[in-house]
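**Q** Chains as they are written, first to last, in the numbering used here: chain A, 1 to 226; chain B, 227 to 631; chain C, 632 to 1037.
Heads up, a few of these hints could be off.
What the hints assert, rightly or not - The list that follows gives simulated cross-link-like pairs (lysine-lysine, BS3-like), each with its CA atoms no further than 25 angstroms apart:
1) A:Lys78 - B:Lys311
2) B:Lys293 - A:Lys78
3) A:Lys166 - A:Lys132
4) A:Lys78 - B:Lys623
Unchecked claim - Each pair of labels, with its calculated beta carbon distance range:
5) A:Asn80 - C:Arg1009: 31 to 41 angstroms
6) C:Ala775 - B:Ser404: 48 to 58 angstroms
7) A:His88 - B:Ile494: 51 to 61 angstroms
8) A:Glu140 - C:Glu923: 27 to 37 angstroms
9) B:Lys369 - C:Thr867: 48 to 58 angstroms
10) B:Gln463 - C:Thr794: 19 to 29 angstroms
11) C:Gly695 - B:Asp440: 26 to 36 angstroms
12) B:Glu348 - C:Asp860: 51 to 61 angstroms
13) B:Gln463 - C:Tyr970: 20 to 30 angstroms
14) B:Asn364 - C:Gly695: 52 to 62 angstroms
15) B:Lys369 - C:Lys899: 48 to 58 angstroms
Read the hints as simulated data drawn from the structure, not as lab findings.
A virtual CB, placed ideally from N, CA and C, is assigned to each residue, including glycine.
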Amino acid sequence: MMANVVIDAHNLSKTYNEGPVPVHAVKHVHLHIEQGEFIALVGPSGSGKTTLLNMIGGLDAPTEGRVLIDGTDITAMKENKLIDFRLHHIGFVFQAYNLIPVLTAEENIDFIMLLQGAGKAERKARVQQLLKEVGLEGKEHSRPSELSGGQQQRVAVARALASKPKFVLADEPTANLDSATAGNLLDIMEKLNKEEGMTFVFSTHDPRVIQRAHRVVTLEDGEIVE
Amino acid sequence: MRMMITIAWRNIWRNRVRSLVLILSIVMGIWAGAFIMSFYWGMSKQQVRDTIEQNISHLQMHHPAFKENYDVQYTLSSTSEIADKLDAQPQLKAWSGRVMTMAMAASANQSTGVTLYGIIPEQEDALTGLAGKVTEGNYFSGKKNEVLIGSKLAEQLKIDVRKKVICTFQDRDGEIVSVALRVCGIYQTRNARLEEGMLFMQQSDLAALLKTGDAVHEMAVLLNDETQVDTVVHALQTAFPAASVESWKELSPELRMMTESFNQYMFIIIGIILLALLFGIINTMLMAILERTRELGVLMAVGLTKRKVFLMIMLETMYIALIGGPVGLLLSWLTVQWTHHVGIDLSMYSKGLEEYGYASMVYPELGMASYGIILLMVVLAAFIASLFPAARALKLKPVEAIRKI
Amino acid sequence: MIYVRLAWRNLWRNKRRTSITVGSMFFAVLLAIVMYAILEGVYGNMIRNMAGFTTGYLQVHSKGYWEDKNLDGAMHYNDAMVEQLEAIKGISTAMPRVESFALASTGISSSPAILMGIDVAREDRVNHLGERTLQGNLLAAGDAAVMIGAGLADKMHLQIGDTLLLLGQGYHAASAYGKYPVAAIVEIGNPELSKSMVYLPLQEIQRMLSMDGMVSSIALMSEPGADIDKLREMVTKAVDTAQYDVMDWTAMMPELLQTMEGDAAGNKIMIFILYMIIGFGLFSTVLMMLTERQHELGIMVAVGTGKRQLAWMVFLEVMLLAVIGIALGTLASLPILHYLDRNPIRLTGDVAEIYASYGFEPIMPVLITPEIFLSQVRIVGFIALLVSLYPTIKLLRFSVMKAIRS
């Protein structure tokens, strides 16, 4: 059975012309990611892994090349359409500042679903389910400031999954966490990957993540190396 | 949408002190601004009321040429018909017919220019309450050649009750007439400027001296309902085309202007206050956004449209204004209610005020419409203030914002 | 001085916030300066107008004359006296005058009139009678003729050359009678004065009223912006106080003073509110500056900066904001004031009529005195001082560990 290619990055390049010298962050990268993958993009700082991740997620426009998400070319999409696409099809987990500080854990997840236009009953059920899956039952009414770093990241994961996206992009999600908490978070994400077939793409230089990844793509100076 | 409202509201309170300082500044500014307007309005209203009741009445009628030089030959023709018509008016409260001439009033030591009014005592009293203003001596008793003078004039001429004052003037034919009048009483009003120049004597006495017969120079009318002034003026003018009928607005353009320009004045004062507040609002809101750069970046990455972000910032700004504005107006309303009841004493400035006819107690008041206008101005100002920070928030690019993480 | 440099640079770390805060003060200072200049100008004009035509800025008259203003209280005078008064520094002109009332009549119409005997040359210098002459020629000292106000001319239908009869009371209640041709018609701003003013040369009125060598008073005019109190003292020293009184216009026309003060009070309250709001804004900025630098300030103290020095630095930041605001506001006001000085705002329409009805020219001139700038410096300085109290106190009670951890 041919696995579904959910992310098709074709000849991607990104050059920044901000300073006197142009910076070639990503150079002619080809990448196929299939559904159900648990993949890590690794490399030292400046290797371009974050830039590549951003382009895959439609946050940054490539200077050259195309990105197809489940067959749809998002490269030339207009901004508003792109926002809408991200809302419905891509989940994000960042290193920090994921959550809206003034909303509770429950409300944070609920909010995304509201944006998508889900109905009240549907939202309520899913929020409960998601919080359970990340092991935060009982913390529904806590604001981010009342949660630990690890707990915040778990809510972030729950929120990323709320929209039933095609895949989740995680940019250095464990950077601010201690070993135990990081391990915990990765356990949850692995579980989701195994049980629900959710695709996870990490950008990281955390060895704990690299260890757990099923596939590792190494980047050096903007190019993929073997 | 409802979520946006909730989020915006909660965002304000993230930095409680900063928000409260801003809200407090709005409260103080609006409170002060509205109170000043109520002070000014209270003064104006009273000034109008006083001037009408004590001086010019609601309307006056003259021979068209009379007001130019106060020449005694220009009496109101058809005086008696006018009197009849006035008596028939249902809205009428009181009227008084006056014979007038400019004159020299002289006492043993002094002489000065005055205006001599020949009145029918009961009529004039019904119109301006003249009898009640007599502080020394008595109102007219009916004896010949009695005169009522103002206290300021009595001071100036150094005369008292029962003393004589010699008045010199020209009669209808141009002959110089001199008459000795006995002071029967001294009156006092709040308007020194008027007092100085007005002497009252009995109409029959003066008419005889001027040889003006039954006609009068001036008819002053007070109505029951001041909203009817224009209608009555029009009716009288139509009935007596030969006469000049003027309402208080025409007789005293200053008064009319004072009431009509109130709204303009309010726009300017409140406008300046809001302009000053604008600096603070924009500054605070800009800070509130710029410190949330990353958070806003994540929101936009995750699926919040630019429109929603704009809306959120705008709502936050409007909340601040919608708390500060109404609280300020409420405080102002309370202050107005209290000071209206108690009155504000300006006796420190009383001499100057009296000279120009202002009372020295002020009773602030402000119409509901004015509060409404101020509130509207605050909302509008908040809206305008919110545009700049909200637009600034939009300029944030999610990528750049996130790169900062 | 390192602290001044530090404070200055710290301000510009957040350009936007500093600019907006300075902007708010700039706005308030500019508005206040221009407003004060206009107020001083308008009031100065009013006083000059009123005083010039009636009482003078200062007046010398017989003791007790002012109470009843009776001709019997007239004073002896001579040229030497007038010159002596004019020699006083700050006095520009001394105008001997005789004032009385009379009935003016043409035979057909009559009207009460204010009779004013004047030293024509001096009066012209002060009130520009020559410029204000609409018809006819300015009187000469020896003429036996009158100059009348335009309002009176209108009222009594008088033309140049017509004869005016004057009936009045002279010195010691002698009856006075005069018959003079109208030599000039003069435009006098105040409509009430215009309708009643009759000018005669001093010699002529003295003759008519049987008071040779005497005048009612000597009215003194000063340079604009002069200190009335000081002048009054100097004049009092120069005259024999046993015989004469010296009064200033505030004593002679207290209503005018009060009206102006009352009006000014209203405007000053506006400015006060404005500054109060600006003060809040300044406080808010200072608050933000403090809270976001907790960590950094903590490090500074840990590394060796005393708390006092820290407080001094923040105090300087607040004062610098104020100084920049005042400086910019003042600088911006200069060209505006300069323009208004050359082109005073002319009032039109209803407002102009109102001004005219009270006898004031319908323009808003500016008077630029050092005080208008100094008063803003004082007020803004005071606000800045007040606002700086909060950070100073907070910093002196600073907890270093807490700050570093934030």
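**Q** Any of the earlier hints contradicted here, and which numbers?
**A** 1, 2, 5, 6, 10, 11, 13 and 14
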